[in-house]
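Engineer: Letter by letter, the chains look like this.
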Amino acid sequence: MALHRREVISELLRDRPDDLLVVAGLGTASSDVASVEDHPGNFYVGGVMGQSPAIALGLALTQPERRVLLVTGDGDMLMGLGTLASIADQGPRNLGIVVMDNESYGETGGQKTATRGRVDLAAIAAGCGFGQTAVATTAKQAQAVYEMALSAPGPVFGVIKVAMESVPRVMGRPRDGGYLKDRFRENLLGYTQEPL
Amino acid sequence: MSDDAPTWPAELYEMLRRHNIRQVCHVPDAGHAELIDRCEADNEINVTTLTSEEEGVGLLAGAWLGGQRGVLLMQSSGVGNTINALALPNICKMPFVTIVSMRGEWGEFVPWQVPMGQATPAVLEAMGLIVYRADKPEEAADSVDAAFKIAYDSGKSVAVLLSQKLIGAKDFRAK
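Keeping their order, the protein sequence lines are chains A and B.
Using my numbering, the first residue of the first sequence is number 1, and each one after it goes up by one.
Using my numbering, the first residue of the second sequence is number 1, and each one after it goes up by one.
If you're looking for bench data, these hints aren't it; they were derived computationally from the structure.
Quick caveat, the model's predicted, so the values are computed rather than measured.
Every residue gets a Cβ at the ideal spot worked out from N, C-alpha and C, and that includes glycine.
Keep in mind that a hint or two might mislead.
[Said to hold, decoys possible] So the derived label-pair ranges between C-beta atoms look like this: (1) D153/B / A144/A: 30 to 40 angstroms; (2) K149/B / G178/A: 18 to 28 angstroms; (3) G129/A / W112/B: 23 to 33 angstroms; (4) T138/A / G80/B: 39 to 49 angstroms; (5) P111/B / A2/A: 17 to 27 angstroms; (6) D15/A / A126/B: 18 to 28 angstroms; (7) A126/B / G127/A: 31 to 41 angstroms; (8) N43/B / R66/A: 14 to 24 angstroms; (9) P6/B / D15/A: 51 to 61 angstroms.
Chain A extracted, bound-state conformation (with noise of 0.2 angstroms):
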């Protein structure tokens, strides 16, 4: 039975330690991720697809003390395929990336994508160098994939193979980028004498 990508957010992020940096992938992704809480250490990608994997290693890189975490969709991670040689070159520690893999484009109409034929992005990230990766298609598999994804040592890759299925959008979340940032680099920075 296909897991369900609202349940898994909710897992991944149940005890969410307050110091875990988000950047939520566009599209479902982003509504997924403020389904649990729209915390401030959360910023969501709102558009340029395929940039998420790229944000996420710079944050990571600037931050190695801090848990980054990136949840994107398969149609991002795609689009973002050479960012995984990028990330693997550069080796952050502290980066974790889980992919909601419902192989399709579920905001256009649900095409499928790659992953639903022969392309495997676990496979992808293992080619590049990352350290650990995984694929789950059963609760008891992503459980592992949570563990891995907020505390093994990065770069980490896991997949979560999930339904393709209609789920509600979140539009209460911050959208306006401006705002997002400044939010985001408060709550990290606090008072900086840079402009934000």
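Add chain B to chain A, keeping to what the hints say.
Structural biologist: This is chain B only, laid out in the frame that chain A set:
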């Protein structure tokens, strides 16, 4: 380093230091070779070699979220790869600086470089970037200085174009 080696790459490096640039990411170009070498030799600067230029836009946005300043070094042919990603610093009102070594504009011998080189200023401006240009060695460091100021003090996205006149057609990496 020979006496006639250009000094502007070293001046650009000093400008990066002066503005506390901690993250340098690039898809390499001969025009940036000396600056990249100097940054890689600096323990205060983390250098990321990208697979494609648009990654640099995301990486620097993440770095700014994490509290560090950065710069993206690329060739004009890479500018086209970054266009949609440039919505990120724009919509989030984040500072963003790129230094672009120009091809396809002045005595270019590779025809494939010409279309993107000719379009570079227009497409950057279309995405809302402020575009500075350095044609002479003495303009390079000043332009980069001004770019960091308006980016990091005023929250803008800026590109500094190092013209092919400045860089020259051949490998100028100082030995």
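Engineer: All hints are to be evaluated individually against the structure, with a verdict given for each.
Structural biologist: Cross-check of the supplied hints:
For D153/B and A144/A, the hinted distance range of 30 to 40 angstroms is not satisfied, since their beta carbons lie about 47 angstroms from each other. The hinted window of 18 to 28 angstroms between K149/B and G178/A holds, with their beta carbons roughly 20 angstroms apart. Between G129/A and W112/B, the C-beta spacing of about 32 angstroms keeps the proposed range 23 to 33 angstroms intact. For T138/A and G80/B, the Cβ-Cβ distance of about 44 angstroms falls inside the hinted range of 39 to 49 angstroms, so the restraint holds.
Separated by about 52 angstroms at the C-beta atoms, P111/B and A2/A break the suggested range of 17 to 27 angstroms. Distance hint check for D15/A and A126/B: the Cβ-Cβ separation is about 47 angstroms, which falls outside the suggested range of 18 to 28 angstroms. The supplied range of 31 to 41 angstroms is met by A126/B and G127/A, whose beta-carbon atoms lie about 37 angstroms from each other. At about 21 angstroms, the beta-carbon gap between N43/B and R66/A stays in the expected band of 14 to 24 angstroms.
For the pair P6/B and D15/A, the beta carbons lie near 57 angstroms from each other, so the given range of 51 to 61 angstroms is met.
The structure fails to meet hints 1, 5 and 6 from the earlier list, while all remaining hints are met.
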